[in-house]
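Visitor: Sequence:
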Amino acid sequence: MAFSSILYSPVHFPLREPRSHLPRSRQLSVSAALPPAADVAAVADAIDGTTIAVIGGGSVAALAAVLSLSDPEKRRQMQAEEVGGGDKEVVREYFNNDGFQRWRRIYGDGEDVNKVQRDIRLGHSMTVENVMKMLLDEGPLAGVTVCDAGCGTGCLSIPLAKEGAVVAASDISAAMVAEAEKQARNELLGGKEELPTGLVLPRFEVSDLESLNGKYDTVVCLDVLIHYPQNKADAMIAHLASLAEKRLILSFAPKTFYYDLLKRVGELFPGPSKATRAYLHAEADVESALQKAGWRIRKRGLTTTQFYFSRIVEAIPA
Numbered sequence: 036m037a038f039s040s041i042l043y044s045p046v047h048f049p050l051r052e053p054r055s056h057l058p059r060s061r062q063l064s065v066s067a068a069l070p071p072a073a074d075v076a077a078v079a080d081a082i083d084g085t086t087i088a089v090i091g092g093g094s095v096a097a098l099a100a101v102l103s104l105s106d107p108e109k110r111r112q113m114q115a116e117e118v119g120g121g122d123k124e125v126v127r128e129y130f131n132n133d134g135f136q137r138w139r140r141i142y143g144d145g146e147d148v149n150k151v152q153r154d155i156r157l158g159h160s161m162t163v164e165n166v167m168k169m170l171l172d173e174g175p176l177a178g179v180t181v182c183d184a185g186c187g188t189g190c191l192s193i194p195l196a197k198e199g200a201v202v203a204a205s206d207i208s209a210a211m212v213a214e215a216e217k218q219a220r221n222e223l224l225g226g227k228e229e230l231p232t233g234l235v236l237p238r239f240e241v242s243d244l245e246s247l248n249g250k251y252d253t254v255v256c257l258d259v260l261i262h263y264p265q266n267k268a269d270a271m272i273a274h275l276a277s278l279a280e281k282r283l284i285l286s287f288a289p290k291t292f293y294y295d296l297l298k299r300v301g302e303l304f305p306g307p308s309k310a311t312r313a314y315l316h317a318e319a320d321v322e323s324a325l326q327k328a329g330w331r332i333r334k335r336g337l338t339t340t341q342f343y344f345s346r347i348v349e350a351i352p353a
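According to this note's numbering, the sequence shown is numbered sequentially starting from 36.
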């Protein structure tokens, strides 16, 4: 098996019931024209540790030899020692500093992003759109309580609030929460003193996932499990499920041989901004964790662009 160039075509995202197909009226399709594959050396300077690099050229055998020279785990240990803790402390430190500046640009709509970051922006916005479609398929969101766990700069919280949902949003990064709150006020108030009738400003707080509590109609956690190894992800999925009464929506970087290899390639180019460890998760492992918590997957989907890969599952009580 060899890697030459990646062939690109429009990306389609059908949400489907397990072992069956939704009617055409309920299918979700998103298309995006993607550019040719980038050279990995050029990509390396543009991405960070939460991003999976795509390569063009070389055989698996040759790539494996190169990978054997890399020791990303040692680099991660050194980074953890610098901030005095483990994964959580590294993530908090990163997203309060360099990571915040980088991802605020990616999640925003400014022009100060490179080609790779623009592609990741596209992928993340597709995931948000797909989740909103998934939620709205079940009916209006007015008055529905939603926990946005790991809200970032409010990319999901704000659209939810615009639909009338009562949103409790949190993030481990105080910088992210402050930015999300500012964006929410700007977009929902629009310079006015009062919100339009029926809308409620999201309630933002600085919190890690482990500290979340309460009960919500729906809990959503997008692209956060990438910071959790599988043994910790299992407990976190169970915890998030305990907060949800009707629905739990998760997105995560899927663990396959191909994606895992691409992630390893990205780790060969640490760069000053690659400060967080990225964990991929097999869909079967996520499903098993949900089943142990008493939930079953009802819908599944996959968002892919050139540099962004995200599996979405919607689970309901079994």
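It should be emphasised that the hints constitute simulated quantities derived from the structure, not laboratory data. Even glycine gets a Cβ: it sits at the ideal position worked out from N, Cα and C. Heads up, a few of these hints could be off.
Claimed, not checked - Okay, the calculated beta carbon distance ranges per label pair:
#1 E245 x P352: 14 to 24 Å
#2 S277 x E173: 18 to 28 Å
#3 A319 x K217: 37 to 47 Å
#4 A213 x V235: 18 to 28 Å
Claimed, not checked - Listed below are the simulated BS3-like cross-link pairs for lysine-lysine, each with C-alpha atoms no more than 27 Å apart in a straight line:
#5 K168 x K123
#6 K227 x K217
#7 K168 x K250
#8 K327 x K267
#9 K227 x K250
#10 K197 x K217
#11 K227 x K123
#12 K250 x K267
#13 K227 x K267
#14 K197 x K327
#15 K217 x K123
#16 K281 x K168
#17 K327 x K217
#18 K123 x K250
#19 K250 x K327
#20 K197 x K168
#21 K290 x K150
#22 K267 x K281
#23 K281 x K327
#24 K123 x K290
#25 K197 x K250
#26 K290 x K250
#27 K217 x K267
#28 K197 x K267
#29 K290 x K267
Visitor: All the hints need checking, so say for each whether the structure fits it.
Guide: Hints and how they fare:
1. E245 x P352: 14 to 24 Å: 22 Å, holds
2. S277 x E173: 18 to 28 Å: With Cβ atoms ~21 Å apart, the hint holds.
3. A319 x K217: 37 to 47 Å: 40 Å, holds
4. A213 x V235: 18 to 28 Å: Given a distance of about 19 Å, which is inside 18 to 28 Å, the answer is holds.
5. K168 x K123: 31 Å, violated
6. K227 x K217: 14 Å, holds
7. K168 x K250: 23 Å, holds
8. K327 x K267: 14 Å, holds
9. K227 x K250: 31 Å, violated
10. K197 x K217: 15 Å, holds
11. K227 x K123: 38 Å, violated
12. K250 x K267: Holds, at roughly 22 Å.
13. K227 x K267: 44 Å, violated
14. K197 x K327: 34 Å, violated
15. K217 x K123: 25 Å, holds
16. K281 x K168: Status holds; Cα separation ~17 Å.
17. K327 x K217: Cα-Cα ~39 Å, so violated.
18. K123 x K250: 24 Å, holds
19. K250 x K327: Distance ~19 Å between K250 and K327 Cα, so the pair holds.
20. K197 x K168: 14 Å, holds
21. K290 x K150: 25 Å, holds
22. K267 x K281: 23 Å, holds
23. K281 x K327: Holds: K281 and K327 sit about 17 Å apart, inside 27 Å.
24. K123 x K290: 21 Å, holds
25. K197 x K250: 21 Å, holds
26. K290 x K250: Not satisfied, since the Cα-Cα distance of roughly 30 Å exceeds 27 Å.
27. K217 x K267: 32 Å, violated
28. K197 x K267: 33 Å, violated
29. K290 x K267: 16 Å, holds
Going through the hint list in order, the structure does not satisfy hints 5, 9, 11, 13, 14, 17, 26, 27, 28.
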